[in-house]
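Chain B with the ligand: place on chain A using the hints.
The listed protein sequences correspond, in order, to chains A and B.
The numbering of the first sequence is the numbering used here, which starts it at 1003 and goes up by one.
The numbering of the second sequence is the numbering used here, which starts it at 501 and goes up by one.
Hint data in this document are derived by calculation from the structure and do not stem from the laboratory.
All figures in this text were calculated on a predicted structure; none of them were measured in a lab.
Where a beta carbon is used, it is the ideal one built from N, C-alpha and C, also for glycine.
Careful, some of the hints might be misleading.
Stated by the list, open to error - Here are the computed lysine to aspartate or glutamate pairs in the EDC-like style, where the Cα-Cα straight-line distance is at most 16 Å: (1) A/Lys1135 / B/Asp568; (2) B/Lys655 / B/Asp559; (3) B/Lys570 / A/Glu1136.
What the hints assert, rightly or not - From the structure, some residues in chain A lie toward chain B, with a derived Cβ separation under 8 Å: (4) Phe1004; (5) Ala1018; (6) Tyr1021; (7) Leu1061; (8) Ser1062; (9) Gly1063; (10) Arg1064; (11) Glu1136; (12) Arg1142; (13) Glu1143; (14) Gln1147.
Said to hold, decoys possible - Just a sample of chain A residues kept apart from chain B, beta carbon distances all over 10 Å, derived: (15) Ile1022; (16) Ala1030; (17) Pro1031; (18) Gln1033; (19) Phe1034; (20) Thr1044; (21) Leu1050; (22) Glu1056; (23) Arg1059; (24) Leu1074; (25) Asn1087; (26) Trp1089; (27) Ala1091; (28) Lys1094; (29) Leu1121; (30) Gln1128.
Here is what each chain is made of, one letter per residue.
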Amino acid sequence: MFLQWHKKDMDQYLQAKEYIDTIVMTLAPFQFSNDQELIKLTYQEELLHIFAAEITRELSGRTVQIPAYHYLKNSDKEIEISRMNEWIADCKKQPFAHFFILTFDAAWKKHEKALDGNLLWLPSVQLGDLHSKEMQQYIREQVMQISELIQSYWQNE
Amino acid sequence: MSDEKQQVTRRQFLNYTLTGVGGFMAAGLLISPLRMAIDPVLQPSKKGDLANVGLAVDDIKDVPTRVDWKIDQVDAWYESEVSQTAWVYKNEKDEIVALSPICTHLGCTVSWEGNDQFPNEFYCPCHGGRYTKDGTNIPGTPPLEPLHQYEQKVKDGMLYLGNPHPRGEA
Ligand code: FES
Chain A
1003 MFLQWHKKDM
1013 DQYLQAKEYI
1023 DTIVMTLAPF
1033 QFSNDQELIK
1043 LTYQEELLHI
1053 FAAEITRELS
1063 GRTVQIPAYH
1073 YLKNSDKEIE
1083 ISRMNEWIAD
1093 CKKQPFAHFF
1103 ILTFDAAWKK
1113 HEKALDGNLL
1123 WLPSVQLGDL
1133 HSKEMQQYIR
1143 EQVMQISELI
1153 QSYWQNE
Chain B
501 MSDEKQQVTR
511 RQFLNYTLTG
521 VGGFMAAGLL
531 ISPLRMAIDP
541 VLQPSKKGDL
551 ANVGLAVDDI
561 KDVPTRVDWK
571 IDQVDAWYES
581 EVSQTAWVYK
591 NEKDEIVALS
601 PICTHLGCTV
611 SWEGNDQFPN
621 EFYCPCHGGR
631 YTKDGTNIPG
641 TPPLEPLHQY
651 EQKVKDGMLY
661 LGNPHPRGEA
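Bound conformation, chain A alone:
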């Protein structure tokens, strides 16, 4: 089982709801206006997506990945937070106990407390080849660490 925001995955989710209590959502800036930012943003988007998918795979019997939340870099954080909290509230109408938000954007760090989910901030990574051996190794290690962190939340229930 590997649950993402796909119909076939939700068919499975509905069968096994009582075992699945954790959501992973990615949080990333979006913009098209600035040439220089384009490369960095899309690179981080890809990387974040890989992280989220690998974590969901690692913890697949208990975790669902929902659509990414995007915002304009200079948008009002308060408004974004209240929208995100609405998403979270909606999800929690299902039997979810844990909501993890994965981001590279350190700007969210100081708003952490206002969010109704757990922010997992990942330090951003140098531009590089996502398919290189070194990068795969790095991703693997990060994924293991994040997965252990999530498991520690499970144990504190």
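For chain B with the ligand alone, kept in the frame of chain A given last:
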């Protein structure tokens, strides 16, 4: 009738073409020039083929060790690289055992000695599933069948793994 036939043929043709292009791209991404030099016919592995997982048979220990590799997967719409994982070790009879880490309960990834309380077992962090070293599920924990086993072969001293099968069918 003949219309249908033609459609199938066209789809098949497209399929072949797409696989061809994808295979070519994957080869560029995955295979270092060095490996190319060693094995010029090394093909990108697709689902079903046995893939070189980058582990020399001599390096396999009697303690289960995690191995990760990538395969190419093509479905109707996407072609993607999919990560694969196995727990590999040599048993008392010196046979290679390659177990799928996918918990047979709901599919989380199990780890060898993943929980300090259960030494010498595979442990699933999601709902506490446990398996003995040979992959047998421990009664009283959620999984109802053993860990699956990878199809395997050894070529030129390297381990190749294919698809995981339920135990007894491998
Ligand atoms: S998924 Fe492993 S015990 Fe439930």
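Unmet hints by their number, sorted upward, for this structure: 11, 13, 14, 15, 22, 23
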